[in-house]
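**Student:** Residue-level listing of the chains:
There are 4 protein chains.
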Amino acid sequence: MSEEYTKRLWLEEDLADDLKWSMMVKNVMFSGKSKFQEVDLIHTGPFGKTLFLDGKVQSSEVDEWVYHELLVHPAMVMHPNPKSVFICGGGEGATAREVLRHKSVEKLVMVDIDKVVCDFCHEHLEVNKSAFESPRLELINDDARAQLEAYPGKFDVIIGDLADPLEGGPCYQLYTQDFYQNVVLKKLNPGGIFITQSGPAGILSCTEVFTAINCTLRSVFPRVLPYTQHMPVYCDVWGWNMALTDPKQAEISPEEMDRRLAARVEGEMRFLDGATFEGLRALNKHLRGCLAGETCIYTADTARFIHGSV
Amino acid sequence: MSEEYTKRLWLEEDLADDLKWSMMVKNVMFSGKSKFQEVDLIHTGPFGKTLFLDGKVQSSEVDEWVYHELLVHPAMVMHPNPKSVFICGGGEGATAREVLRHKSVEKLVMVDIDKVVCDFCHEHLEVNKSAFESPRLELINDDARAQLEAYPGKFDVIIGDLADPLEGGPCYQLYTQDFYQNVVLKKLNPGGIFITQSGPAGILSCTEVFTAINCTLRSVFPRVLPYTQHMPVYCDVWGWNMALTDPKQAEISPEEMDRRLAARVEGEMRFLDGATFEGLRALNKHLRGCLAGETCIYTADTARFIHGSV
Amino acid sequence: MSEEYTKRLWLEEDLADDLKWSMMVKNVMFSGKSKFQEVDLIHTGPFGKTLFLDGKVQSSEVDEWVYHELLVHPAMVMHPNPKSVFICGGGEGATAREVLRHKSVEKLVMVDIDKVVCDFCHEHLEVNKSAFESPRLELINDDARAQLEAYPGKFDVIIGDLADPLEGGPCYQLYTQDFYQNVVLKKLNPGGIFITQSGPAGILSCTEVFTAINCTLRSVFPRVLPYTQHMPVYCDVWGWNMALTDPKQAEISPEEMDRRLAARVEGEMRFLDGATFEGLRALNKHLRGCLAGETCIYTADTARFIHGSV
Amino acid sequence: MSEEYTKRLWLEEDLADDLKWSMMVKNVMFSGKSKFQEVDLIHTGPFGKTLFLDGKVQSSEVDEWVYHELLVHPAMVMHPNPKSVFICGGGEGATAREVLRHKSVEKLVMVDIDKVVCDFCHEHLEVNKSAFESPRLELINDDARAQLEAYPGKFDVIIGDLADPLEGGPCYQLYTQDFYQNVVLKKLNPGGIFITQSGPAGILSCTEVFTAINCTLRSVFPRVLPYTQHMPVYCDVWGWNMALTDPKQAEISPEEMDRRLAARVEGEMRFLDGATFEGLRALNKHLRGCLAGETCIYTADTARFIHGSV
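Residue numbers (the numbering used here), protein chains in the order written: chain A, 1 to 310; chain B, 1 to 310; chain C, 1 to 310; chain D, 1 to 310.
Read the hints as simulated data drawn from the structure, not as lab findings. Just so we're clear, the structure is a prediction, and the values are computed from it rather than from any experiment. Do not rely on the hints blindly, as some may be mistaken.
For identical chains, the list gives no copy identity; a pair is met inside one copy or between any two copies.
Said to hold, decoys possible - With a Cα cut of at most 25 Å, we get these calculated SDA-like pairs of lysine to any residue:
(1) K248 x S219
(2) K35 x R8
(3) K20 x P232
(4) K26 x T207
(5) K129 x A262
(6) K285 x P254
Input sequences plus hints: build the corresponding full structure.
**Tutor:** If you want it as structure tokens, here you go:
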């Protein structure tokens, strides 16, 4: 009987104006509400424990490790010796968790605007609990740009783990040329690396924001390295753009990446290794063409937005 | 008003027991029915003109070129000089279309069991029309195994473009060790190559059938080369397995692949080139682990099936 | 197989902000488009051939006879001898069909703004075909108010078969006190009767527009007779309000209604007879309370609207 | 933001094979599980606090009072002086609540098979709490037939408040001629009345079970009085059949019904009064025809079932 029943409660998410999907809900585990957004931890059939902000999927237990390994470790191992790291956003805690696996890291500053979300994830996401409690982590609940600008000193790696640049949303100004030029670049130590999640990067979706973020970074940094990977919970291929102040760092061999991962990181990677990354950074012809043809540079005026709104 | 309206007619497809999606339908263009299945060409919002067999997505105009370039050309260019090709299934006509772009091909035999589907696609899929009418194509509507066994002579390339191995479905016996050993291998010329679509190959889905097809082929051929790519219309990463009778052919450089594509194929590739394929064949660590851990060899008794049934 | 398939195409309709239903679509039979709206005839699973305007259900073959018998015959038989009838709206043709079953009717004027809808229904709704071709019918495609005002002479029965009074929609001014006072009342012969469909009248929905239409009519006519009946295709109880210039006409016995139906109308009623109507006009306590408590009189300024918009 | 969000969690219910609806879920308030079924109290958008058994709607706060007034009071007031009442089923507690409003009632025996459901409703349904705690109520958790047969003495009114007669379900034997003849009739005092909910009774649904229950009762009792009313939460008109051992009791005037309700019942009716009931028992021509044409008498062998299964 209960099988029959549990198929009746569904969470419906618009993937586009003309495409929606519904995931079976086993249990609404926890719900909270801040002045910015609603946060829910829902046990869904296809994705297990799944985190939602305002009803939009943030991450799920079945594939968050893929996303977070790819957001954190490529930049961290391309840097020769990352000691100081800054995370813009990242309130879920998983990005911090991955950063803190690097033994070289002495200081991690994480600035997420929503204290309620941070507390919620600290309390309810078991896998991220110890990260929130690490003495190396300084967690600040405020605007990421203001804090990054004001923070004393510079960083070896800066990570953008922000919501997509939705029109009218809180994060779009953190994807602009102005932010990259006048804040991020200035707060990186020599040889510093910036990495940001960059939205959907599939055949049909890559020009929504991914290519423009790439183009914007290329207008500021001497070397930008894009890579992509399918994320089941987002129903699409996802994209990341890494921006290097020292172009030579990008020319790491798979074998060297494996060596550095082994030497510097606690525990095993589940998804990433040198060979994996070699594949992810080898973009397909269609995507390379879209990147080459992109001319949009994000400014406050030209920002392009993906589907949805806050 | 019509915008409002067109959002009301939806085609719902089960992606799993606990996950379903709905694509907006603009127009049911054509429908037909054979003794095997229903065939429909439906103009959907997210995927344009989309072909369905028994209500299950087969291909769409927005991404079928990705699937068919990847099914056909890697094997064709790894072969030194493919003159004769055999397609198991392929009634849509797009696989034949891609094969016939190779100037070296003198004879293409395509065996699809469903004449109604072939006629339907010949009539309604404009992009495949000339392939159906090529003098180099011999189209037979019958059982692919029986025809392949009985066909005089051997082939340089054999392509499996069949429905997924659904329990009780018409195709599962065309994924077994027995078929590969006793039919496919025997009907390949020296240096011949077999390539088959191999079902979903995502992080969460790769062990449904992809790894077992790979394992089965490895029990028969000296070299099997798996590769994957996200297909939006299938809502997942898709997998292919190429089986080579001459292992050395797999060691083609990206530059050589580009040279052969340019020299042998009419027109431009949209998705594939040497660099693209280099990325697709570099599987991620998780998928490599799943392939390495797979022990299932498909026989009539052990066949594993993906979600769904006929 | 086809059973499986036909369950996959669904027409989704919002019943409220927080309630929607989906009916299985067997076949989109015909579609048309005027400058006012889209019109579609769709064969649905639960309701058979179903007419949609802008994707909103208008009527279905499984229950349109209930609606149209109740819209037309109670007023027609309460009138002693209806010779001239005017229909505001009614483009589907079924209201005209029922009116023309009355042998007393010499002239029927029907004014529907949308010629495309009238032509579409004339062509595709077999049961209404002869009504459209009756020599007693004068069909005018124009604004109903303008035509009613300008039409020479008066009418015995005026029927409002209009779309619901949606905000910004074309029909809301045809539900106002001004229209009833200054047009309808003046164009009725002595002893004339006005009847109008009046939107949903269920326990939860009756105060959306039903009670206000009743209240507005009561401000103009000496006697208003409301009645209701469940309509499956509207997923609710539906309401009608009959406004009489001669209050005594409302006091017809069930037996007298049966006699008049038998004497005046061609063919058998399927739903209505004297006993039926006795039940429908005996409103429940809750609904009577809502009617008694209603104070809203529709004017151009105070018009209240039901869920949805044009 | 939260408005946007709360529209995303939906409870989907099949209304038929080809019709389903989805109600927005605000909150899953409480869930329980017995050896018979799952029980959930869910706050839905359209229906407020709604009780589900195995994911099937049982009742909602916005209209349960309609159902329970109609199940209980017509039979109670047609009986001259009901002192002893037996409820088959009724675990929700609302039927008992309405019975206990009758000052004449000295003893109420309620037999519901599922103790978990009774305890759940006792705890979570505030409006029924005092009924569960009444000293006049004897609540037994067991099979209703066995308890009714074995219970010492007879009853003035017996009420069937059971789940629909689903194939293989626990209740279908409580709708058979054998049960009515050999148990119910024998356990009624002289002048006793039996009343049972009788499933959907709409134009399209009345022959599912409603007419057969009526026909079965007519084969046992000298007078059966059917009546119907739309229930929003069931998305249909609902039916009840009252079976009287003394046919004359059915001929109560609306005024007498009002007098008895006023004299015997504590508090006000919200839905029912004499005029209301006069309307509900005046069935429409179509329904009367279906009742007249029904020949099916429920026995263990011929039981007909409505859509759905346990």
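**Student:** Take the hints in turn and mark each one as holding or not.
**Tutor:** For each hint, the structure was consulted:
1. Taking the shortest Cα distances, K248 and S219 sit within 25 Å of each other inside one copy (18 Å), while across copies they are farther apart (43 Å).
2. When the C-alpha separation of K35 and R8 is checked against a cutoff of 25 Å, the pair qualifies only between copies, where the shortest distance is 20 Å, while the shortest distance within a copy is 31 Å.
3. Within a single copy, K20 and P232 get their C-alpha atoms as close as 14 Å, and across copies as close as 13 Å, so both meet the 25 Å cut-off.
4. For a Cα distance limit of 25 Å, the shortest separation of K26 from T207 across copies, 24 Å, qualifies, whereas the shortest one inside one copy, 35 Å, does not.
5. Only within a single protomer do K129 and A262 lie at most 25 Å apart by alpha-carbon distance; the minimum there is 24 Å, versus 54 Å between protomers.
6. In this homomeric assembly, K285 and P254 come within 25 Å of each other (Cα to Cα) both inside a single copy, at 22 Å, and across copies, at 12 Å.
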